[in-house]
Amino acid sequence: MIPGSFDYVVASSISDAVSLLQQHGDEAKILAGGQSLIPLLRFRLASPSVLIDINRIDGMEYIQETDNVLHIGAMTREAELDNSDLIRERYPILLDTSSLIADPVVRNWATVGGNLAHADPGNNHPATMLALGASVVAVGPDGERVIPIDEFFTDNSFETTLHPNEILTEIRVPAPTDRSGGAYIQLERKVGDYAIAGVAAYVRLNDAGQVTYAGIGLTNVGPTPIKARNAEQFLLGKALDDASIHQVADMAAAASQPTSDTRGPAEYKRAMVRTLAVRALQKALGRATGGE
Amino acid sequence: MELELRINGIIKSLDVAPNESLLKVLRQEGYFSVKHGCETGECGACTVLIDGVPRPSCVTLAAQAGGCTLTTVESLGTMRKLHPLQEAFISTGAIQCGFCTPGMVLSAYELLKRNPDPSEDEVRDALSGNLCRCTGYVKPVQAIMRAAAMQRGETVPPISSPGSSENFKPWDPGRSPLEHAEYGASTPDDPTVGAASNAQIIAPNTPESTDDSSSQGGTATLVGTRTSTDLSIVGKPERKVDAVKLVTGKPAFVDDIELRGMLHARLLTSPHAHAIIRDIDASEARALSGVHAVLTYKDVPRIPYTTAGQSWPEPGPHDQYCLDNRVRFVGDRVAAVAAETPEIAEQALSLIRVDYEVLPALLDPRYAMDPNAPRIHPEPESYRIHDASRNIAAHLHAEVGDVERGFAESDLVVEGEYIVPQVQQTPIENHIVITYWDEDDRLVVRTSTQVPYHVRRIIAPIIGLSPRRIRVVKPRIGGGFGVKQEVLLEDICALLTIATDRPVKLEFSRAEEFRSSRSRHPQILRMKTGVKRDGTIVANQMTLLANTGAYGTHSLTVQSNTGSKTLPLYPCAHIRFVADIVYTNLPPAGAFRGYGVPQGFFALESHIDEIAKQLGMDALALRRQNWLKEGDENPLAKALGEGKEGYTQIIESCGLPQCLQIVEEKLNWQEKRGKGGSGRFRRGVGIALAMHGTAIPGLDMGGASIKLNDDGSFNVLVGATDIGTGSDTVIAQIAAEVLGVRMEDIIIHSSDTDFTPFDTGAYASSTTYISGGATKKAAEQVRMQILDVAGRVLKVNPESLTLSNRIITAHNGQTMTVSQVALHSLHIENQQQIMSTASWMSYNSPPPFAAQGAEVEVDTETGVVRVLKAISAVDAGRVVNPLMAEGQIEGGATQALGYGICEEMVYDQQGALLTTNLSDYRIYSAVDMPQMESYLVETHDPFGPFGVKAIAEIPIDGMAPAVANAVADAIGVRVYQIPLTPERVMLAIHTQSQNAKR
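The listed protein sequences correspond, in order, to chains Y and X. Position 166 of the first sequence, counting from 1, maps to 165 under numbering that gives the first Met the number 0, and the rest follow consecutively. Position 363 of the second sequence, counting from 1, maps to 362 under numbering that gives the first Met the number 0, and the rest follow consecutively.
Derived by calculation from the structure, the hints in this document are not laboratory data. C-beta atoms are modelled at their ideal positions from N, C-alpha and C, and glycine is treated no differently. Be a bit skeptical, because a hint or two may be false.
[As the list claims (entries may be wrong)] Computed spacing ranges between beta-carbons, pair by pair:
#, chain 1, residue 1, chain 2, residue 2, range
1, Y, 6, X, 287, 15 to 25 Å
2, Y, 70, X, 908, 45 to 55 Å
3, X, 913, Y, 15, 36 to 46 Å
4, Y, 6, X, 66, 38 to 48 Å
5, X, 677, Y, 266, 22 to 32 Å
6, X, 989, Y, 176, 56 to 66 Å
7, X, 411, Y, 232, 57 to 67 Å
8, Y, 266, X, 995, 13 to 23 Å
9, Y, 156, X, 465, 53 to 63 Å
10, Y, 63, X, 677, 44 to 54 Å
11, X, 677, Y, 237, 28 to 38 Å
[Unchecked claim] Under the rule of at most 30 Å between Cα atoms (straight-line distance), these lysine-lysine pairs were calculated in the DSS-like manner:
#, chain 1, residue 1, chain 2, residue 2
12, X, 531, X, 628
13, X, 674, Y, 189
14, X, 11, Y, 28
15, X, 112, Y, 189
16, X, 868, Y, 189
Okay, chain X solo, but in the shape it has when bound (with noise of 0.2 Å):
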């Protein structure tokens, strides 16, 4: 049908066909702000203005809007002329991956026309539409208070730390390219638009002085041990680099390019738990019009895999087969389809038809290792599976001491059995691939992922191609949390377009995300502790079971993480960890930001606090009487390596204390803890501590390469794959401290495996560590270049150089910029390009330290636990952005607050999902939020560049167990699985009254 749109500005005459949604019409006319996320207007990444007015344009049909004004975020603002909505996203740091950015913004743009001075609560209800998994919607609201006080005049006050380069604008063109007579330092042009950050640099250990206007807004303190101002850009909150095309909505991600002839491939997956595919017949599907390819186990060589993207050789099962002709959890692949369009592609699914032999299925881990428990990988071909024969993916026990002899030797043994759901990443853009061949017959993967090097060597073999012949790109990416740490659509769609030779799009719908990608492993976990009278922990065990559904992926690893990352916080003599994991017919779990350690602080951090009741001590004092110290070794470091023997780990850096005092005030504990009461309302708070690690050590490596261009400006090639929280910011920041220049004369790129140096990828809180000390690496040997060129044209010896502010400097006086280094080197004399590459690795993984608090109030009739507020202080080291590594706690803390209280997979009784969309499964949206406050406690490790440590899992760890214990010191009995739905804590008070009234 003929459809008029008016879309900003522009008047489109149209011929669509009236099942097409306004999202596709408006992405195939090349408006790519407008996102995919769900099909059920519940994510809000496809909110588009329809005549001034909100709407998800995914479900509004496009013959709905015929003659309607249709506006998108392209047409607020241009990159050289923001729109103050987008300017104070960037300015504030609202902007992570930026996949939700665009509708963020356009709701937020509405608000304040009708409102221009929206209270908070009006800001985040508008924004409550608009599901965002990065931020936790702290900067998102201040960016929308912030542009409502420019739109109505008020002067802002620059937000920005002391010293801060304040005028970095990427679009800026700058002045003549080669900036000859350019000596100074860059003047800010506008403070407003500066980069920003509420942080505060504060004298070392005095959180005492800690400013405390911490509104629901949140702000971050930096709390510091910092004395040396010796650096320029490290340690400054600069704009994020590639914010503006994000906050501008131009075409960045995996879908948002245009490629002739792509066909659309679609997935056949298994209506079953458990079943042989006897036989399967497509030959109806191939002959549809319009189909090019069907692909079924008959087509595609068996070779067992795993999808774990990691290291060679990569530890845990190899038990996926591209496609099998066995189905093992409902939602496993079946086949695919390569089709003209998404519809005939649906069409011939529906005309494959399978013959299964439904078998047994085992959906109740508990049941996994009993010996007629249906068999779940009897294949002879898989391997590195622990124990196939009693369903045991992998297997893990680690002790140190005695501890029989320490439970003996205690005064009381505490034991306690927690349960912890399984979850899911949920980032708002679904995992997508797409490839091609290109001018040379090498086949691109463009791909949604954390990990392009491992994506490409894990598909060489199943596609039959030598990694040579592949490429991967990483373009931005809608957010990741570790579900893209999985190989899961890239070898299909190669496998189609080799079939095809035609381009290929295949992509995950928001209920094939749910069910067919991975999650967080679901544990049952067994504390028991002993201690002296004196609060002494003499001896502490861990075990646990744990379900990693269909699939072995980062069995071993995730879990191996649960102890080694956790037990150490309270070293004593004798300690035993002990995992089995179990495959059952659910989805498989894999890798989830935390990576294991949020199960295992749930269960070690809510167990202290129970201890600390029959003690009759205070949880804090218990805790303090038993952390690990600077100095301390981590006893479990050397047993738990990465599937195999680790490195001796010696703690070097330990901020836990400061934490700890942080949040403690912050919290009002000691007037607050313990004061339930007996009301309808009962309050109470609750203190987690966690720690984590900095990179796998022994095994992460990155690599950089940096060359000098004639205007002095560089190019830094990273493989770092930024997923949306800011690595490419951090690598520019750290290359242009080292380099002595501007972050505008940084060009980054990142993540192609044809021109960036390998990487192992964005896990494991590795990046700032491992990439940026490649990238510091690489940075002192071009500086170190640049400097003996300098030496040479002004006759002087190099090492009484100095380089900042782009300008060397002798100790005669005499200077020279960059660029005339630049120019003279590349032109002049002794012709050379001043590049260097250089990786980076370690042997030792310095864990970051946090505590993390929560006030709660729960409804004793209902069960209805509120968050009122959310503290977290983290010791990660040298911050390099504090802006960016607020955004890390804040949504990390929110993530951790959906793992407490309302996140779960749910399944039927045959094992279906039943949490298959943003309704039925709940992610956090703006008007869940409590009052959130984050701090940034520094500290410097000797190990990485500058002192850092990572920051990325850190705040994911101990606020689910800070939330129970919060819910327990309210309701005075504790609620041993998360989350805390109303029904469990229901339960919980109610039994508890029964109780009393024996």
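Looking at chain Y on its own, in the form it has when it is part of the complex (with noise of 0.2 Å):
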């Protein structure tokens, strides 16, 4: 199919996109990597009347980490993050999510800011980034506003709490302490397919060993990315054993809302969010404890 008809326009930098919106409101759309938005352009089930390009604002690639915090450009391209030194030795999650997100091809081009702001249930990067705890920053005619990442999606598929007149630029991760450690598993049916499962783990660990920080984001099972809230508090204060491993990963099952499709059963995928969360969580804590 071919998409409807709309205006595109170039935008040159952010407030030029932030004010293109503010003019075009509701029938605009940001289009960022293209990779989901233009195959659902040809669907028609999307049909703004403007798109407006942000693939040429100057700056908004970028991967750089200061002040303890890890910033990523909302532009940066998956294959940035899979090709980065900094990501492959501080933030291994993040390279385990990029990779597995569909080929290479696509990855030169899908964005992550593009992956968190389509809000499909079964992107990578929510679960990963509920996990970690990032935020997102949000330009709109007002200046800049920070979104924590759980309040980022709605309880509605494929929805955020951006406003229309608003732009994602940026996402913000805390940088790893020394005991800290996260891990992305996904299960999927053949190489680069969206998951049957995916499950994104994050902990930090005191000098005890207790947990004093967890992140559980749960990929593809439900109709929003879902941060399993029971499992993490379950964590706080424990070590990470055999028992508190598979007790949490038990409580991520029951956060799933898995429904039946084309990927499996939803039975089935409530017992593979068992199964992944405790393999992401063993991964995590060999990352945490200075392992792989």
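Each of the two chains sits in its own frame; use the hints to bring them together as a complex.
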């Protein structure tokens, strides 16, 4: 099919993009990597009257760590995460996440910001960012605001709390501490497919090995990206051992709301959340304690 | 909007609409190497480099590329000076249909720019965005590794088999056009660019001596009984004759032409699984500016026909109508529009008002024969339906001996039910056709088909033209695999040209290809087998229920093959085969490579393992004890012909013992079988055997015409339909062999109903055997004519002359070149055109055989099955081109892995297909591949040209049961249904552990 007709405008700067959004309101859509949006346009699942291309804005593609915060420009391509030494060495959970997205051709263009802003429960980054306790920066006519990631997604599929006149510009991730680690694991029917189920886990430990922070995010097992809050709470103050990991995995599974579809029956997916949560937590623990 | 694009170094200012994709604009500008395969960025056929980075141009707006530098394959190399990647793709045999080749080459090009020395894994990763349905990625990966080495300046070993003619360059302009003085054989001028294969010819019966260097790149080894070296071109890995144009992105496919005033057609399809169209109002659509024709059932004749492209009279149900007032599945055709632009055509579709009376839908084949089930074909005009009142499209019953007595006489009777899915052929090129009137008021149909002659005959009555006014042309085809043995779009497109007097293009989108084309019949098979304690099979019974969907097309013949090609593998006194093929309100099944046989072997070869388990026997020993041997008669061949009584088939050649021995050794069966263990990851090995047929006996026929030109070259005109398999090359090899000339002396032209003789088409693994047989016969006649002329000139008995290396030699040492004979015959004396036409058919269909094995690893916590190794050993008789034969094995085995592991069409409760894109319907990509090994076991069969048997379908027959057997070996419990999805495997593991607790 052919996309419906629309106007195409190139934003020259973030403020330009914002004023274009102001001008066109609900009728406008931001075009980032386009890997999700253009198929939506083709199948007429979205029919904006204006597309605002933000690919030409300078300075939206970066990965840098300053003041104990990792800053990822919203237009950073997945391939840049794949190839970043900083990411590989200090944020392996992000490499886990990006490298599982589709295929290299898609990753050359797909953006981290787009992956989040599209709010597809099947996308990988939402779960990981939920686990990491990240935040996103939104710029609108009134300036910039920082939205904690757990306030970014709503209870509806494909919806965020971004205002129609706001643009997502940056993702901020807390830098790792001495004893912290995370991992993202997903189950796929074949390489590059959307996850049957995916689990992101991130933990910080104190010197006694007790959990001081736990983040658990789930991919593609509900209408929205899911943060397994009960499971996270449960871990606080506990040591990560076999018993607690299995208990928390049960709680993560309980937090999932899968439906049966071409990627498997709901019951199977729920069971897999449990299995993957165990693996993600074990891997996160390994990384937190100096292993891989 | 104005746009400046820098395409391949040329700056172009273009006026584009904001919603136009880069793909569309590039093709409009004549960059035909950029292909349309999907619309969602999943197949990679449309890959281009934007500022040096690969990007799918179908999900890129042209506007986004403004000011960017674009690179397509057209700029990489030319026909005379190829880029090393292009050269390597040709020399390793990495090109089959060539449709996805430009995209793969660009992805590889970018990889090598940033990483000149990639590992094989890195190559696979870089290729993983480019889907290929033909090659199994084995040779493309080899090609890229080879090109990388060439670019690093390393010497690449010539990978050719002994004695191959290495210097074939189809683009070589050659020396003087008449080559008077050229007596010697050609000399290789660049050994590194030679046609090449890893195939080795190994001494007879010594599989243990085969080289074990097979990497994940895959190497095929030729293990043979061939001892004669009398052949100079047949048996050599010659380069594919169309490879250069494909790798350079020349406009070779249906869509790669521009016709002035061409209209764009679109189909309106049914949203309901079952409905009557009470009325349809197209007036608004017709009134839309830019719309030139709208066709509904009111505008076309109601003539029952079948879309199955088979010989006349097609034996299956004639239950389809060009456009009907009843729709029988979601995706069934309702109306067609031709308009100035695709956008207008799509808009017009939305203006067609259809008044549907929705009927109860039949979605489960198990209820089809129920007296209360909805009747799908109540119309009286349809014919050759077995029993329309019970929704039975076709029924088969074949029996030898008395199975009930056989079961009674058995020590053990083993039963099992096996379920196989509906899967889709998924060629990367969707169905596409362009029709137009030529200057003689004849209708030209340029179509992506496997059956040009059947297309002409089948559409003639529907469009109301006699076949003499129709010319069907088949250019290069981007994969078929059976789905293009169906006449799906040609009739509508032709009717639109007739209605508008304009050229019209009609193509399926990827979603339409899934929803509205054809697929493999899903089946439920029940096996019941009686055996003696010692393992002797006494009686064997297969009963099956197959779902043909809304139309019967190939229902009869596909299911006939399920029995006739599988049960004879284990001949016994009592065999029964019963099949009911029923209608449902789901998209129709049809022809798919393997044609019913993969279904049958999944059941049979899984079942044999179960029998062995119950007998406590080694699964291979049980097979060896019971299998078919040379000299045996196929017990079902006569009972199950092509919709009628068949012909007796005696097995003259059978390489099964050697095939099995190779796979057993390469899989390390003795050491690995039964060692699944109890850990989280469990490994297992499994083997399945398979046999197939070579063409349809007493039915398939092909013709060839050969004529000699002044310079000693020959035009070879064949009806044979090369759909990417390489049949043009194989036929050229056969012609060159018989005529004693080089490959470049053969100018092959195939599949044009005006210019080439009849051929049934590319199906039933027939082309090398049937069309090759016709070519050999015609070439032999031409050769005799050449020798006659030479004999007259040299004044010797023609029978005493020899012809090789383009030279005719007499006993007394006199010589003449073929060119001299041509000049003499055409211009000097007793002038005649040396030429001949011949056709060939056979009442024999010698079966090729195969053993296929897999090693798997099962994650028992998730049920995920990873295939680690896939090994095929195939007896395809004499192999004409080992390089291309390997390609057939690798591609077929890969499709079978998808069948076994991840491919399945899934519907919602209303019968609407859910798997309508290449993300939800999963075919293997380069990173999914296991280590793949292929072995060619050569036998010599007396019937076909040079002893050939078929190669195209046999590799798809046994891999899925091999994988299933390996999984059963790993986890100790069988999964009776494919694909072996994680949840099915998990359920089996779970059930087993529950049972163990009881």
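Problem set entry | Hint check for residue 287(X) and residue 6(Y) - Cβ pair distance inside 15 to 25 Å | holds, 23 Å
Problem set entry | Assessment of proposed distance window 28 to 38 Å (beta carbons of residue 677(X), residue 237(Y)) | At 31 Å between Cβs, range holds.
Exercise. Under the criterion that the straight-line Cα-Cα distance not exceed 30 Å, is the pair residue 868(X), residue 189(Y) satisfied?
Worked result: holds, 16 Å
Problem set entry | residue 465(X) and residue 156(Y) - C-beta distance against the hinted 53 to 63 Å | holds, 57 Å
For this session: For residue 411(X) and residue 232(Y), compare the CB-CB distance with the range 57 to 67 Å and indicate the outcome.
Result: holds, 59 Å
For this session: With 45 to 55 Å as the target window, see if residue 70(Y) and residue 908(X) comply at their CB atoms.
Result: Since residue 70(Y) and residue 908(X) have Cβ atoms about 47 Å apart, the given range 45 to 55 Å holds.
For this session: With a cut-off of 30 Å on the C-alpha distance, tell me whether residue 674(X) and residue 189(Y) pass.
Result: holds, 26 Å
Exercise. Measuring from beta carbon to beta carbon, are residue 677(X) and residue 266(Y) in 22 to 32 Å?
Worked result: holds, 25 Å
Exercise. Is the hinted pair residue 112(X) and residue 189(Y) satisfied, with a Cα-Cα distance of at most 30 Å?
Worked result: holds, 28 Å
Problem set entry | residue 677(X) and residue 63(Y) - C-beta distance against the hinted 44 to 54 Å | For residue 63(Y) and residue 677(X) the Cβ distance comes to about 49 Å; the hint holds.
Problem set entry | Holds or violated: residue 531(X) to residue 628(X), with C-alpha atoms at most 30 Å apart | holds, 20 Å
Exercise. Could one say that the CB atoms of residue 913(X) and residue 15(Y) fall in the range 36 to 46 Å?
Worked result: holds, 41 Å
Comparing the model with each earlier hint shows violations of hints 4 and 6; every other hint is respected.
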